[in-house]
Amino acid sequence: MGEDIIAAMKENVIQGRKTEEDEGIDEELTGPGVLELTKEALDKGISPQVIITEGLTAGMQVVGEKFSTKEYFIPDMLASAEAVGAAMDVLKPHLEASNVETKGKFAIATVQGDIHDIGKNIVSILLKGAGYEVHDLGIDVPTEKIVEFVREEKPQYLGLSALLTTTMVVMGNVIKALEESGLRDKVKVLIGGAAVSDEYASEIGADAYCVDGFDAVKVLDAYQ
Amino acid sequence: MLVIGEKINASNKSVGEAISNKNQEFLENLTREQDAAGADFIDVNAGVGHGTWENPAMAMEWLVDIVQSVTEKPLAIDSDTPSIIEAGLRKYRGDNVMINSVNAEPDRLEPVGRLAAERRASLVALVMGEGGIPPTVDERLDAAESIMVHLTRLGMQEEQIFFDPLVLPVSVDSNQGFVTLKTIEGIKSRYPSAKTVVGLSNISYGLPNRGLVNRAFLVMAASAGLDAAILNPLDARMMSFIRVADMLTGNDPSCKGFIRAHRKGLLVE
Chain A
24 MGEDIIAAMK ENVIQGRKTE EDEGIDEELT GPGVLELTKE ALDKGISPQV
74 IITEGLTAGM QVVGEKFSTK EYFIPDMLAS AEAVGAAMDV LKPHLEASNV
124 ETKGKFAIAT VQGDIHDIGK NIVSILLKGA GYEVHDLGID VPTEKIVEFV
174 REEKPQYLGL SALLTTTMVV MGNVIKALEE SGLRDKVKVL IGGAAVSDEY
224 ASEIGADAYC VDGFDAVKVL DAYQ
Chain B
-8 MLVIGEKINA SNKSVGEAIS NKNQEFLENL TREQDAAGAD FIDVNAGVGH
42 GTWENPAMAM EWLVDIVQSV TEKPLAIDSD TPSIIEAGLR KYRGDNVMIN
92 SVNAEPDRLE PVGRLAAERR ASLVALVMGE GGIPPTVDER LDAAESIMVH
142 LTRLGMQEEQ IFFDPLVLPV SVDSNQGFVT LKTIEGIKSR YPSAKTVVGL
192 SNISYGLPNR GLVNRAFLVM AASAGLDAAI LNPLDARMMS FIRVADMLTG
242 NDPSCKGFIR AHRKGLLVE
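Protein chains in written order, with this note's numbering: chain A, 24 to 247; chain B, -8 to 260.
Okay, chain B solo, but in the shape it has when bound (with noise of 0.2 Å):
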C-alpha cells in the first residue's frame, strides 16, 4: 500500500498559519517527520492564497521547494486548479510526481490530463463529475469510464491513473461503505492496471471511535483492491494496520516488513 503523506495542507490550520507566516521550519520538520515515519508520498497543498501569499501559485512554489528539499520522497502537487498545479510542478525537481487531483468535469481534466501526460505523472482522479459525490456505484464507475476515455485520448497511460472511489460517512448513510468498496472492486476489475487511492477518514464523520473505524476500513479497502491512501503517517496504529494489511493481502512476501517492523518496535495494536 502506497502511504500518502496528508499533513502539508494548508487546510491544516497550524500548517495554514505556517505558510501564510512563512514558518519554513515547521514545514521542514512536518516533511522530515512524515518521511521517517514510512510515507511513499508527501502531499503538497498550498492553499488558495492567504496572508502574505497574494498569489497562489507562488504560496506553492515556495512550498514544493522547501518539501524538496529535505527529502526524497516524491511529492503529491494537490490543486484543483490548473495553474497552481503547472506551477507546482515546474518547481519540482523529481522525475516520479503525483497530482492531486481532478475530476470527470472537463474544465479541468483537460488541462490538468495534459500536464499529467506531459510530465510522466500519476494523476488522482475522483471519480465524480459537476453534480457532486454519486451516491452509488454505478454513477461513480460512469464517472471512471469517462475519465478514462478522456485521459487516455490525451496520451495517459491506464497505470498513470490513481481513481479516487470516494468515501461519504457511513453515520449519513450505511450503506456508504460498502459503496466504497464496491467501486474499487468495479475499477480494478475493469481496469487492471489503473490504481486506486482514498482518504480514509471521511468514512467515520459523526461517529465516536473514529481511529478504530479508520483502521477498520483500511483493511477492507486493501482487501477491495486499494493501492494508496492518503492518510496521516504518524499515526502509527493505522501504519501497524497497512502493514498488516499489506502482509494479509500477499504483498509482504515471507512477512518480511511485517517482521522488521515488529523488530523495529513500529507494531502498534
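For reference, chain A alone in the conformation it holds in the complex (with noise of 0.2 Å):
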C-alpha cells in the first residue's frame, strides 16, 4: 500500500500535479494531486525521508532528464517544482519533530546592477525542491550585503546570478570580499547567467558553475 502511494506520488511529480484539481502533462489523469498523496502518505505512517527520496526526489529527476532531452520546457519543470515545493512545506514540521537536517543552507543573489530574477528564481524553486534550506536575497543585491549574509547566517553554499556582460564582473567582485573578510573557504560559490561559463567561473574564482537549477541541484548534491 505505502509503495503505490510513493508510486503514485512520483508519477504525479513527472506529471507537474501539485492537488487533485491540476491537469497533469497526460490530461486523461485524475485522482490525487502530490500534495494530498504528501498527507495520505504520512496518515499512513511513512517516514519524511521515504517520501522526499522516493517519491518526490526520484520524481523531479525524471523531470530533469526530460527537461535537458527537450521533451519538458520550463512551464512543465516549474509545475513539477511547485508539486514538490508544496509538499515540502506540508513535510517541514514532521522533518524537524524528527530531527531530520535539511542538505544544506544555500544563499542565493541576483548581484549589483543586475535586476534579473527569472533565472534565480527557477534555481530558488528546484533546489528548494530538491531538500535545501534557499534564502533568496533578491535582485541588485550591494556586495556588502552578500557577504554580511555569509558572515552572519553561514550558509554552506553562495548562488549568484548575473545575466548581463556589464554585471558578471561584479560576481568576481564578490568573490574577492569574501577573500579579504576571510570567509571564502567557509562557503562554496556557485555561478549562473546567461554571460558566464566554466572558464569565466574558474577565472574569478568560484567552485562551480551551473548551466540550469538542474545542474546546479547536481552539483551541490555532489557536495554531500
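Hints are computed from structural coordinates only; laboratory data are not their basis. Fair warning: there could be bad hints in the mix.
[Said to hold, decoys possible] As a list, the in silico DSBU-like pairs of lysine-lysine whose alpha-carbon atoms are at most 35 Å apart: (1) Lys4(B) <-> Lys41(A); (2) Lys247(B) <-> Lys93(A); (3) Lys89(A) <-> Lys4(B); (4) Lys241(A) <-> Lys173(B); (5) Lys151(A) <-> Lys173(B); (6) Lys199(A) <-> Lys4(B).
[Claimed, not checked] Label-pair ranges, simulated between beta-carbon atoms: (7) Pro126(B) <-> Glu175(A): 25 to 31 Å; (8) Glu171(A) <-> Glu45(B): 50 to 56 Å; (9) Met211(B) <-> Glu171(A): 44 to 50 Å.
[To be verified] Here chain B is said to cover these stretches of chain A; the calculated rule only asks that three of the stretch's residues, wherever they fall, bring their Cβ under 8 Å from a Cβ of chain B: (10) 135 to 142; (11) 204 to 211.
Ideal Cβ positions, reconstructed from N, Cα and C, are used throughout, including at glycine.
Take each chain as given, in its own frame, and dock them per the hints.
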C-alpha cells in the first residue's frame, strides 16, 4: 500500500499535478495530486525521508532528464517544482520533529546592478524541491549585503546570478570581498547566468558554474 | 506599425565580434539588409567596450558613422549609459532620431531626457524603476506616470515618448501576456499622443514554437494599440504578420500595403 502511494507520488511529480484539481501532462490523469498523496503517506506512517527520496526527488530526477532532452519545457518543470515545493512545506514540521537536517543552507542573489530574477527564482524553486534550505536575497543585492549574510547566517553554499556582460564582473568582486573578509573557505560559490561559463567561473575563482537549475541541484548534491 | 531593426546589437555574438574586429563590411551589409527588408529605424548598440574598444563611447561613434553611411533610415541610438548615448547623437547627422532607452530612475531619466528634449529625439522609456520589472499593470502605469511627469517638465512632448510596457515570459507566469497587453491599453488611454514599443521575443522564452507565439502576440499587441516593435526585420514571417496587423487595425487604407506586399512576393503564410 505504502509503495503504491510513493509510486503515485513520483508519477504525479512527473505529471506536474500539485493537487487533485490540476491537469497533468497526460490530460486523462485524475485522482489525488502530490499534496494529497503526501498527506495520505504521512497518515499511513510513511517516513518523511522515504517520501522525499523515493517520491519527490525521484520524480524531479525524471523531470530533470526530460527537461535536458527538451521533451519538457520551462512551464512543465515549474509545475513539477511547485508541486514538490508545496509537499516540502507540508513535510517541514515533520522533518523538524524527527530532527532530520536539510541538505544544507543555500543563499542566492542577483548581484548589484543586475535586476534579472527569472533564472534565480527557478534555481531557488528547484533547490528547495531538492531538500535545501534556500534563502533568496533578491535582485540588485549590494556586495556588502551578501558578505554580511555569509558572515551572520553561515550558508554552506552561495549562488550568484548575473545576466549581463556589464554585471558579471560584480560576481568576481563578491568573491574578492569574501576573501578579504576571511570567509571564502567557509562557503562554496556557484555562479550562473546567460553571460557566464565554466571558464569564467575559474577566472574569478568560483567553485562551479551551473548551466541551469537542475545542474545546480547536481552540483550541490555532489558536495554532500 | 513602426519596425525597429534589432540586428546591430553587440550582444549578438557575430555583431559583437564585428565591432571588436572593426569588420565594417559585415555591419554595412547587415544595415542594408534591414533597410531593404522594411525596417523603419535601425537600432545601433555598440556594447560596453570589448576587444579593440577600450572606450565604449568611441565604439558607438564609429558604429553610428558606418550605419548612417549606408542607409537613409533614421537610427535608434541604443545604450543605457547617458555618455554613450550622447556620443552617438553627436555623431549622427539625421534630424529624426530615437534614443533607446531610459527607465523611471531619475539618475538616467534626467540626463537622457535633457538630451532628447534638446535634439527633439524620440525616447524609448521602460515602465520600470530601480526594483526591476513590476509584475502588475498598476505598478507599470505608475512608472509611466512618473516618467511622463519628469520628461514633460524637461520640455519633451508626449508624442516623443515611446513607452515600453515590458514583456516577461509567459512560461514563468501565465498572466504576463495579458499584463503587457493591459499595460499598452492603459498607456494609450492615459496619454493618447504617446507611443508604445516592445521587444516581443521575451514572451516566448522557455517555450517550443517560439516564432508562432511571437507572431500571435504581435497581432494581439497591435490590437491593444502597439505603435512600434523592436524585432528582426529579416524574419519574413514576422514581417508578414506586421502587414496583416496594420491592415486589420485600420492602418492600411484600401489594403494597399498588404496587396503590394503580396505582389512583391513578400508575404509568407
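Going through the hints against the structure:
1. Lys4(B) <-> Lys41(A): 40 Å, violated
2. Lys247(B) <-> Lys93(A): Roughly 43 Å between the alpha carbons, so the hint for lysine 247(B) and lysine 93(A) is violated.
3. Lys89(A) <-> Lys4(B): 29 Å, holds
4. Lys241(A) <-> Lys173(B): 40 Å, violated
5. Lys151(A) <-> Lys173(B): 33 Å, holds
6. Lys199(A) <-> Lys4(B): The given pair, whose Cα atoms are some 29 Å apart, holds under the 35 Å limit.
7. Pro126(B) <-> Glu175(A): 25 to 31 Å: 30 Å, holds
8. Glu171(A) <-> Glu45(B): 50 to 56 Å: Given range 50 to 56 Å: violated, Cβ gap about 34 Å.
9. Met211(B) <-> Glu171(A): 44 to 50 Å: 45 Å, holds
10. 135 to 142: holds (count 4)
11. 204 to 211: This one is violated; 0 residues, fewer than the three required, reach chain B with a Cβ under 8 Å.
The structure does not agree with the numbered hints 1, 2, 4, 8, 11 stated previously, though it agrees with the rest.
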